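Just so you know, the sequences run in chain order U and Y. So the first sequence is numbered by my numbering: it starts at 1318 and just counts up by one. So the second sequence is numbered by my numbering: it starts at 4 and just counts up by one.
In case anyone wonders, no lab produced these hints; they're calculated from the structure. It should be emphasised that the depicted structure is a prediction, and the values quoted were computed from it without experimental measurement. C-beta atoms are modelled at their ideal positions from N, C-alpha and C, and glycine is treated no differently. Worth double-checking, as some hints may not be accurate.
[Said to hold, decoys possible] Residues of chain U clear of chain Y, computed beta-carbon distances all greater than 12 angstroms:
#	residue
1	Gly-1320
2	Pro-1321
3	Lys-1322
4	Ser-1325
5	Pro-1326
6	Tyr-1336
7	Ile-1370
8	Met-1372
[To be verified] Okay, the calculated bits of chain Y under chain U, using three or more residues with CB under 8 angstroms as the criterion:
#	region
9	103 to 110
10	461 to 467
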Amino acid sequence: MTGPKVYSPVEKAQLRSAYYATRPTGFTRYLRTSLPWQVIRFVLLNLKMIRIIGMSHRGKR
Amino acid sequence: MVVTRVVVLGAGVAGHTAASFLKKWLGSKVEVTVVSPKPDYNWIPSNIWVGVGLLQPSQVLFPLAPVYARNGIAFQQGKAVAIHPEGEGENGQPFVVVESTLGGEGGKLSRLPYDFMINATGPKLAFEATPGLGPGGNSLSVCTADHAFDTARVFDDLVQRMKRGERKRFLVGTGHGLCTCQGAAFEYIVNLEFELRARGVRDKAEIVYLSNEYELGDFGMDGIHIRRGGYITPSKIFTESLFAERGLDWITRAHVTGVEPGKAVYESLDGSEGEIAFDMAMLLPPFRGVGLKAFDRAGGEITERLFAASGFMKVDADYTAKPYESWRAADWPRTYQSSAYRNLFAAGIAFAPPHPVSKPRQTPKGTPITPAPPRTGMPSAMIGKTVAQNIVDMIGGSAEPTHTASMAEMGAACVASAGANPFTGTAASITVFPIVPDFETYPDYGRDIRHTFGEIGLAGHWIKIILHHLFLHKARMRPFWSLIPE
Ligand SMILES: Cc1cc2nc3c(=O)[nH]c(=O)nc-3n(C[C@H](O)[C@H](O)[C@H](O)COP(=O)(O)OP(=O)(O)OC[C@H]3O[C@@H](n4cnc5c(N)ncnc54)[C@H](O)[C@@H]3O)c2cc1C
Chain U
1318 MTGPKVYSPV EKAQLRSAYY ATRPTGFTRY LRTSLPWQVI RFVLLNLKMI RIIGMSHRGK
1378 R
Chain Y
4 MVVTRVVVLG AGVAGHTAAS FLKKWLGSKV EVTVVSPKPD YNWIPSNIWV GVGLLQPSQV
64 LFPLAPVYAR NGIAFQQGKA VAIHPEGEGE NGQPFVVVES TLGGEGGKLS RLPYDFMINA
124 TGPKLAFEAT PGLGPGGNSL SVCTADHAFD TARVFDDLVQ RMKRGERKRF LVGTGHGLCT
184 CQGAAFEYIV NLEFELRARG VRDKAEIVYL SNEYELGDFG MDGIHIRRGG YITPSKIFTE
244 SLFAERGLDW ITRAHVTGVE PGKAVYESLD GSEGEIAFDM AMLLPPFRGV GLKAFDRAGG
304 EITERLFAAS GFMKVDADYT AKPYESWRAA DWPRTYQSSA YRNLFAAGIA FAPPHPVSKP
364 RQTPKGTPIT PAPPRTGMPS AMIGKTVAQN IVDMIGGSAE PTHTASMAEM GAACVASAGA
424 NPFTGTAASI TVFPIVPDFE TYPDYGRDIR HTFGEIGLAG HWIKIILHHL FLHKARMRPF
484 WSLIPE
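Just chain Y, with the same shape it has in the complex (with noise of 0.2 angstroms):
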């Protein structure tokens, strides 16, 4: 029997996705091989939980060895650093080169030869894009469990401070122009505002957001409309009215230029600039590739071929350059196969997006704030599963990859924690169809009306609970995962 070779480069939501299901379709015919620098498994949405210190780091991560040991599945813990997808001189075999992040192998270079490849490496958190931004500057963040977990703990040393009766500001929000995933900087701040409440000292707390948005509630997306009340409603009217009932400020339409001890500086879409004081500060940073690089059979570097600048790979978009108004849906990708590659794909936040959601715009002196286009959990995961789905087909036999999950097809269902407590707490659910608008198929607002919802209350942070365990259930392969949905 010819057993096919697949490497999955990533085990984040679509990585682990695409190989666990894999796996069971093809179970001996295929032999996966997962790479990943982390020995765990995150569940990402949940370290919004760990950064109010509700959550330990333990209660989001579990280790993916034992995992993939009891499922047939190689596991390489290491960091993809190049591609050669078409092999090295004489030998056509493509392979990739992995640098080992086990302690004690010292960043040794192996090769792993593959017959399909699945790039679903995620994000670069590009911190390095704004000075002073991020952990290892000024600010902090939540977007691994780590950051998350020293934020909770400057978060409990504020709180003991303001017990003993001291003022503190807080600020959230995006830390560059460019970024994407407002939905976590939302969530983080409403939830660390429901723990100032719960721990008693709210009063003695300035909460303020800062955001790359041109409203409140575009989230990457140019917002959606919802109908409700009798009305169709855009999402900046809901996201303000959020904010202003538990008493938040905001400064939206602004690209942080630079993050000091304890003051964030920023240009405005006008062209102002501004400055900000706090005494913590959880701002995301931008998202860019990983970095990865490609060779072709000479060893002469195809990068540009495969990687968009942006360092995320290129696959079945349309990438031409056209202006906002010529935006389409059918620019999406479908099939997510390279455009250099047959028998490479790109999964999840890796794949390039043909360009943004939300419509572009520019400061005076040319400074671009638009947020990046969001890739949330549950298209990373569905675009895993229809990428593993076209490997199974073309391993088959079928020349071309025949499943499609284009953004501008599906829709998302979003749960966003407003604060967790089984009793008090609150999320918005908020579902939309598609994500990415079609404004040929739904000319008013780019999205079916029917299928755009909104609502929050505590049945919400139910389902968020509810969504927890399930995700990690399912990640842990246990029985029945493959049931659970995306």
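Bound-form chain U, shown alone (with noise of 0.2 angstroms):
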């Protein structure tokens, strides 16, 4: 009788699709949710969503 396959670590690692996806740095994840870095980024999302919309309420590029 054969039991469950034993994967060797490598293989272990390679099984996961998360093995192929690029990972965040943990200074990129600290910025994420950093405050100060947060409150500059809320006013520059802001004025680039007001800009999508604007330019499609005027329907042009």
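Take the two lone chains and join them into the complex the hints point to.
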């Protein structure tokens, strides 16, 4: 009788779809919830969105 | 004074926007009647938070009748079943047949005459397309506030069991090869993961995404390309990264063929078959038109003249069947006027798109696995407003509609929640221009890379919260509502 396959460490790592994905570094993750940085992003994101909304309402690029 | 009667079918984003602007712009010159089967307005994007137990249905719903009464709009609670755009017999007055959904009226039918009509009935949630799919079967949904509430209860129960040490598997995604709205499945899976972490049981959960997308990040838009970090990067890279970071597994290119108790069975694009067991599955249904019928003056059925096979209403799009390589931005509708009757319009999800946006693909057996085109909230509202402007023009004497809102000429700003907490939450903020790619104008990616953008962070979550309150404020037609953009 054969039991479930035992995977080697290299196989185990590569089995996950995540192995082939880009991962953020600690610093990138930190920035995502860093208050001062996110306050700045909040302002910039709003400006970007207002621009897209404006362009769409005018129906031109 | 001649009063023009405008009937709006549907009180979702598109219909409600159209009705409120029509009344605001024309006042007593117009009699606006909204027909909708449910008494409440639902701010659908926030159903995601209801589905993980963070909001109650009452926080995403409000009764329509008082809002309409305050603003001089008539409301008829019922479901449109048939359109008679030529009237009947000698009487050429167009009308729509409405079946009451009020308790006690037992489906009473009535006729509602109109001079202009807007079909904004949104999607029929076609759970029946996949055996066992949906709340009546073996999986859950977040498409309505009620569905989302029931989903939250199952989720809560599983969390309690996990707290007692049990391991559980969650399956989230699309329940059919032709689904759209992957953005909602995306938001649900990342919010679910965030909540499991918040409740201290993440280590007991396996979470799998099952999708009809060819690659993660397709979203029915053939993906988008974002300029960031010194590269132009496809959305696949960002979405995979987000999933990998959160320990989510994924299966793409899948058409779910059946949902059994605790098990989903699917066919893959390469022809292989697979199955996956689950303790809880939230799988979206494909969308169809709501099944309105149409009749000519003599009572002959003309449904096929007004509606595409999908049940969505045909408008001023180019519906000629063409291969993917011949699709053009110009195929997409601009005014949303019915191709058959000039006083009929469709807005929001209710209009028939000319073709998908994502590249069509099928399995060796011929099963199509292609996301249907997206029609998110912002374009739905903008189309609703444009249709209202066109009706205003036509009432004013213009022979044809003059305002346009092609999805190949408008952009969209979208904020997808990835975890709801004012300090540790995040959301993906995305802008695209245009929504439907235009490869003639933008040969590289079909979109203007300067305005197509994406980023994840806490600021996005703050924006999402603000949008929730702003859009509910607007829908309630509270002071200055019309200044809030779509
Ligand atoms: C869970 C979820 C999350 C989402 N999140 C986002 C998001 O974050 N951002 C975004 O932009 N979009 C989002 N969307 C998409 C967005 O909800 C839709 O684009 C939008 O609701 C479409 O508007 P609509 O008016 O065409 O249809 P709906 O909003 O569905 O409205 C249709 C209306 O028609 C009524 N109706 C149905 N049948 C009849 C009939 N026979 N007669 C009369 N009335 C009828 C319905 O009751 C309803 O009032 C999400 C969708 C879902 C399901």
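> Mind checking, does the region 103 to 110 of chain Y have 3 or more residues with a CB under 8 angstroms from chain U?
Replying inline: violated (count 0)
>> Does Met-1372/U clear chain Y by more than 12 angstroms, comparing its Cβ with all Cβ atoms of that chain?
In response: violated, 6 angstroms
> Any Cβ of chain Y at or closer than 12 angstroms to Tyr-1336/U, or is the non-interface label fine?
Replying inline: Not fine: 8 angstroms to the nearest Cβ puts Tyr-1336/U too close to chain Y.
> Looking at Pro-1326/U again, its CB stays over 12 angstroms from all of chain Y?
Replying inline: holds, 18 angstroms
> With d taken as the least Cβ-Cβ distance between Ser-1325/U and chain Y, does d exceed 12 angstroms?
Replying inline: holds, 20 angstroms
> In terms of Cβ atoms, is chain Y entirely out of 12 angstroms range of Ile-1370/U?
Replying inline: violated, 5 angstroms
> Are there three or more residues in the region 461 to 467 of chain Y whose C-beta lies within less than 8 angstroms of some C-beta in chain U?
Replying inline: holds (count 5)
> Does the claim that Pro-1321/U lies outside the interface with chain Y hold up, using a Cβ gap greater than 12 angstroms?
Replying inline: With a cut-off of 12 angstroms, Pro-1321/U remains clear of chain Y, as the shortest Cβ separation is near 16 angstroms.
> Lys-1322/U clear of chain Y by more than 12 angstroms, beta carbon to beta carbon?
Replying inline: holds, 18 angstroms
> Beyond 12 angstroms from every Cβ of chain Y: is that where the Cβ of Gly-1320/U lies?
Replying inline: For Gly-1320/U, whose nearest Cβ neighbour in chain Y is about 20 angstroms away, the distance exceeds 12 angstroms, so it holds.
In this structure, the hints that do not hold are numbers 6, 7, 8 and 9, in rising order.
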